[in-house]
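The listed protein sequences derive, respectively, from chains A and B. Sequential numbering from 1 applies to the first sequence in our numbering. Sequential numbering from 1 applies to the second sequence in our numbering.
One or more of the hints may lead you astray.
[Said to hold, decoys possible] Here are the computed lysine-lysine pairs in the DSSO-like style, where the Cα-Cα straight-line distance is at most 27 Å:
no. : chain 1 : residue 1 : chain 2 : residue 2
1   : B       : K252      : A       : K26
2   : B       : K442      : B       : K318
3   : A       : K576      : B       : K252
4   : B       : K553      : A       : K553
5   : A       : K169      : B       : K577
6   : A       : K166      : A       : K189
7   : A       : K577      : B       : K252
[To be verified] Chain B residues, not near chain A, derived (Cβ > 10 Å throughout):
no. : residue
8   : T201
9   : L282
10  : A478
11  : D599
12  : R668
13  : M669
14  : I689
15  : S741
16  : Y750
17  : K759
Calculated directly from the structure, the hints in this document are not laboratory data. Backbone N, C-alpha and C fix where the C-beta goes; we use that ideal spot for every residue, glycine too.
These are the residues of each chain, in order.
Number of protein chains: 2
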Amino acid sequence: MATTLGKSNSGSAFGRSIPRVEARAKVTGKAEYVHNLRLPGMLYGKVFRSTVAHARIRGIDVSAARALPGVHAVYTAADIMRLVPDPHYGPAFHDQPVLAIDKVRHVGEPVALVLAADPHVAEAAAQMISADYEELPAVFDEIEAMTSKAVVHEVLKPAGTFPDLKHLKGKRDTNIALDFHLRRGDTQKAFAAADHVFEHTFRTQQVLHLPLEPFVTVADPTPNQLVIHTASQSPSFVRIEIARLLGWPENKVRVKVPYLGGGFGAKLYIKLEALVAIAALLAGRPVKISLTMEEQFYQITKHAATLRIKSGVSKDGKILARECEVWWNGGAYADIGPRVTQKSGFTAPGPYDIDHVAIDSYALYTNLPAAGALRGFGIPQLVWAYESHTDMIAKALNIDPLAMRRKNILKEGRPQATGTLMRDAGIEQVLERLAQRMQWEKTFDRGSGKLRRGRGIAIGFKASISPTTSVAIVNVSADGSVMVNCSTVDMGQGSDTAMAQIVAEALGVPVESVTLVHPDTDVTPYDMATLGSRSTFHMGHAVRLAAEDARDKLMKLAQEVGLSAETTSIPDIFRKKYGMQAGNIVGVGSFIPSYAPPDAQGQTDNATPFWMIGATGAEVEVDTETGEFKVARLVNLVDVGRPVNPAIVETQISGATLMQLGFTLTERMDFDAGQVTNASLADYKIPGIRDVPAVMENEAVDMVQQTGPFGAKGVGESGTFGVSPAIASAIDDAVGVRLTSLPLTAEAVYRGLRANAGKPLQD
Amino acid sequence: MATTLGKSNSGSAFGRSIPRVEARAKVTGKAEYVHNLRLPGMLYGKVFRSTVAHARIRGIDVSAARALPGVHAVYTAADIMRLVPDPHYGPAFHDQPVLAIDKVRHVGEPVALVLAADPHVAEAAAQMISADYEELPAVFDEIEAMTSKAVVHEVLKPAGTFPDLKHLKGKRDTNIALDFHLRRGDTQKAFAAADHVFEHTFRTQQVLHLPLEPFVTVADPTPNQLVIHTASQSPSFVRIEIARLLGWPENKVRVKVPYLGGGFGAKLYIKLEALVAIAALLAGRPVKISLTMEEQFYQITKHAATLRIKSGVSKDGKILARECEVWWNGGAYADIGPRVTQKSGFTAPGPYDIDHVAIDSYALYTNLPAAGALRGFGIPQLVWAYESHTDMIAKALNIDPLAMRRKNILKEGRPQATGTLMRDAGIEQVLERLAQRMQWEKTFDRGSGKLRRGRGIAIGFKASISPTTSVAIVNVSADGSVMVNCSTVDMGQGSDTAMAQIVAEALGVPVESVTLVHPDTDVTPYDMATLGSRSTFHMGHAVRLAAEDARDKLMKLAQEVGLSAETTSIPDIFRKKYGMQAGNIVGVGSFIPSYAPPDAQGQTDNATPFWMIGATGAEVEVDTETGEFKVARLVNLVDVGRPVNPAIVETQISGATLMQLGFTLTERMDFDAGQVTNASLADYKIPGIRDVPAVMENEAVDMVQQTGPFGAKGVGESGTFGVSPAIASAIDDAVGVRLTSLPLTAEAVYRGLRANAGKPLQD
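Isolated chain A, as found in the complex (with noise of 0.2 Å):
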């Protein structure tokens, strides 16, 4: 703990494999979660749901779940009101009810909810709700809800955080929830003078974050604060929006998030917060709800998307033109789905250097559960089309797709789509070395008889969310050990621990006297959110400021008592200044990055803080006669600058991989009129241990982020990028099926096979 502010530390703490900060409490079952959580008068909430996808609601009879005994209350909306008069919340749009007005708008809508002491209770009294419903007409599918009758929402009401959805308030008569719009060149000239038009379109399925830890919270109305316990990415979102409900001040609502089972996304703005919060107030009890797994399947979702791409290309395989369209899937509900729709929107073309662009991306209601960002922020969507579209391309002009992608990667200090410089995008370092592991330019062994082998390489790149602020505080205490303040929520992604290194780093500490403070909204500050892979640079920084504030302030109580900081240890500037083992030192930093909001055409020269890329290599077994493949080898390469603690990083790129393996091949949700069909973890097939890829290679290439704390940048979403379309790559290099739907399954290469071959199906 003796350590000097001298610079000979420095150096000690970032860029090593440490281990985790939180390793020791989770491997001793000890750490905290929200379902260990009991409060004494603690009431369980059990949700009662529409079952069906869209409907006025013409009567709710909650009476038989009121009279049974041990129930202690049943709220429907009308009671939700008596508190809350317009009780909608929603990050982008308020559209959300807490509890079903008038309408449903997707199966599994909260109708209803019943509080009782017993969970159980609970349980069997919302089994007694029955509702009352007139059906109305539904739309499911996001092209059809361009132009659908069906309209989910009457009017529009954009929350007034995103100046992009002014122009939608108080629209009528539309599912676009948003309409996003970038224009750069000229395409339709350009594909008038191309020697090639390539057109394609792909889709995407529904499919599910599923944290092992569901859903939880729990609110608790003292007298002086509404305290909110809960399983969240957002707790500075959920303080500020619970108190736009309620209309109190935010320092009246407290919300604590200890450690999260996973989020990927799914745990962002408002989810189950609003309801138990007002339902906790009502009540005048602390009230818990835990979801269910298969309750997760209603709660949010990732979105749906169908991509159409059209490409206008020379003969040598430049591409000189890009047309995409996207269709957005939003569900029932926006969530945070323009926003997916617009970040991801302005990437859509890929990674590539083309100079005419026309970019199209909507973001659309339809009457299936809420979609929202999951791990990649529509980004794999968009990878998964672009990179398919490149390979068909390379294929049909007989170009190598490596080759392919080398004439077209965008290089650094070249603009992207909306006219920003490339800087520290790792994009040609990234491919570059995937292909040297790949061997791509060696002799690969395709396999004989009826077992074929394949591979296939794809990159995708993403934008951080922006702007965006993230504010910090570091306290130094008298013996030199440190508390760092901060709301950013460690979900398993390691966030405590390269914070803790970060900060170690910047004050010259060990990394082992730094310990981390949980998210209170009450004393960490104010965090946009932990999203978007953005943490490790934005609270990396702020982090880091904080640190350098505290250091400065260390640095003149020295000089104040005549002491050397460079080389008298912590607690001896302290001891000299109070006598005595006595007083902190308090750092804050406050980080915001500079940002240029796009124009009427999409064009900024500055549209991001930093820029994350990730690319895929694949090797596939198929077996011609059945269809049926395996991944034999994945290879996932990423830029995250420097990388704070390696291992980490490590894990960040093989789950993220792993997620996306299972998003690629087997987890779709299957709809029958909007009524999840397999909403289970026994129908709904995430990946299992038997699932990774016999070989699987991750690694983040030599980068430095130049404007990143210490060189760092995120890594949570990269490794999701490439997956799909180099496995689908890879098979179509085996078999020659191309694939164009997700999840890539074998009955759709037996399919193909048969098709290839001229021969029917035999079902």
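Model the placement of chain B on the given structure of chain A, informed by the hints.
Frame of chain A; chain B shown alone:
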């Protein structure tokens, strides 16, 4: 909430009698106290205590206790030392063992600890423990302790925190834990030249804090930290001292303090925390110890003291020289006694302008329960002596008590005994206002027949503890609501409200928009402790500085986004910056007043950051047949600078006065060979509602502490100063009986009446 940073708002928060911020939580029974805390797996601890005052421990038999079903563990010092080889703690000396080692030094000393899930089992088991003692000669009287062969501690071990204790390190065969000496001028020469020399000796008894919430601590050994929930006035000290004992860094110990049900100096430094913390670590489970009311009698007490004062006076009543000798009965462990000795020592001559002063003040170990700070830090004992002495001189010289004081009072700008020039000390103002309210110069009805009436006045002053430091964080939310992180403990004195008012004043926001975060060493920065009426001044400055830092940052932010902070609301500044309700502005304040330590003669020009002044006027009615008397009127005047909240100031004055009234009239710990014989609220009489004088008037004079936050300074103790001598002098004034020992009882008056009449007592 929509206020600006413009000057127009300031002045609205400070000085108003707004309701206490915690009032609602308290009256609805929902305020958090440690007593309410139950943790999963928590064990209850029950202490086995010494029954002898001074002895070697030959053996402790815990076998029966260990064998009792339901007992989790029984610990003695040997167990403690497995974890902490040298388990001694204390703020001034490391003299107090967590459990008795080899020796016991007072009746009630903790010897062993039983842990059980059921507190009744723990209690039953504790009663099965026995110890075999070899009794040693004991010393109970502070004068005898000066020379006694009975030595409480073999070797003195100063904690190293106070430089003036260093010379005692390693000293043997002494009970003197501090000898404080101050010399100014030449008293011997002055006595020789004086017309009269008066010498009187006074005594005060040992009494108790008796907060209605007894001591309680819970320690929770979580994987990453030891979390201590404790009813403590000094969370920062507890953290540092427990970390020191365990050899851990500070940030591995987390100390949380909710509301306190009173403290009065009892809950300072380490009380139960070390025992509970170590027991929890040994058991690997949360442990709670709550003392009974009876056990409080052995935990910490107020110093009994013997005070000798000798004054040389001119025939017209001018005090020329004064010698004070004070012996403080510190009990078996020093606690903060040496600080009481030193800090009160230097004001022992009283608020009088005396050229020649000699002070000798001794902290003494005895075999009684330890004594510490109690509302006044030794000052009420001193004022009792010097104001009784003043009136005895006045009476002897036939000078009116008010005139005697007017002649000698220490005026603004004149040097106090340390040499420090008096600044912002309203001694004269308080005295004159008291005279006015008492209508001192008008005729006073002295009664007739067996009921005689008398009146008395007394005035005292006190320095604040120095040097100490306070650090605070002020966090402004995007809607203009504010969180304040500070480690000041609200134990009923209203500090939460005062801090909210000061922050609101500094920021120019409504006081309702400010919320306090309760002490939690993870997130509320260092504060020396909540003691000695220092919080309003020290923490008041820290929160003011933090608020001003936040205000400056808001001003800068407003400027940055092109707004005028003077006319724009805080929410608008955030909204302009972030495009929505987002972000925080965090300000930090750190305060340490200037201070110059005294030289070898006790001389300094900067002894205290501020002075507290308190005076009381009493009118009594005495039954000349029985000696029974009642206090008919009590007028209490204080200088608190500008009152932050006049209503709370009033309750602080009345609370302090009534507490001192108990110490004056009824409270006294009775001992038999070191055993307290009245250790219950049935036998030890604290004031009840019927003991409140029929007329009680409390007033803060119109003063401004120029160096205080917005002119304020502390108030918690000033009401105690003058109560005892004013009542004693009133009795003397009524019936000519001068009592020199507290408490003042009817029996003592009766004995005095009989003695005056030359009649022997009829027992």
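For this session: Would you check the hint for B/K442 and B/K318, treating anything up to 27 Å between C-alpha atoms as holding?
Result: holds (24 Å)
Problem set entry | Hinted pair A/K169 and B/K577, Cα distance within 27 Å | The hint holds at about 23 Å.
Exercise. Does A/K576 pair with B/K252 here, judged by a C-alpha cut-off of 27 Å?
Worked result: At roughly 23 Å apart (the allowed maximum being 27 Å), B/K252 and A/K576 satisfy the hint.
For this session: Take a quick look at B/I689 and tell me if its Cβ sits farther than 10 Å from every Cβ on chain A, holds or violated.
Result: holds (27 Å)
Exercise. Is the Cβ of B/L282 more than 10 Å away from each Cβ in chain A?
Worked result: holds (17 Å)
Problem set entry | Restraint status (C-alpha distance of A/K577 to B/K252 at most 27 Å) | holds (23 Å)
Exercise. Checking the smallest CB distance to chain A, is B/T201 really beyond 10 Å?
Worked result: The claim holds: B/T201 sits with its nearest Cβ about 36 Å from chain A, beyond 10 Å.
For this session: Below or equal to 27 Å on CA atoms is what counts here, so check B/K252 against A/K26.
Result: At roughly 17 Å apart (the allowed maximum being 27 Å), A/K26 and B/K252 satisfy the hint.
Problem set entry | Cβ separation check - B/A478 to all of chain A, threshold 10 Å | violated (7 Å)
For this session: Could you check that no beta carbon of chain A comes within 10 Å of the beta carbon of B/M669?
Result: holds (32 Å)
For this session: Check the non-interface label on B/S741: least C-beta distance to chain A beyond 10 Å or not.
Result: For B/S741, whose nearest Cβ neighbour in chain A is about 38 Å away, the distance exceeds 10 Å, so it holds.
For this session: Determine whether the non-interface label on B/D599 survives the test: each CB of chain A must be over 10 Å from its CB.
Result: holds (16 Å)
Hint compliance for this structure: hints 6 and 10 are not met, and every other hint is.
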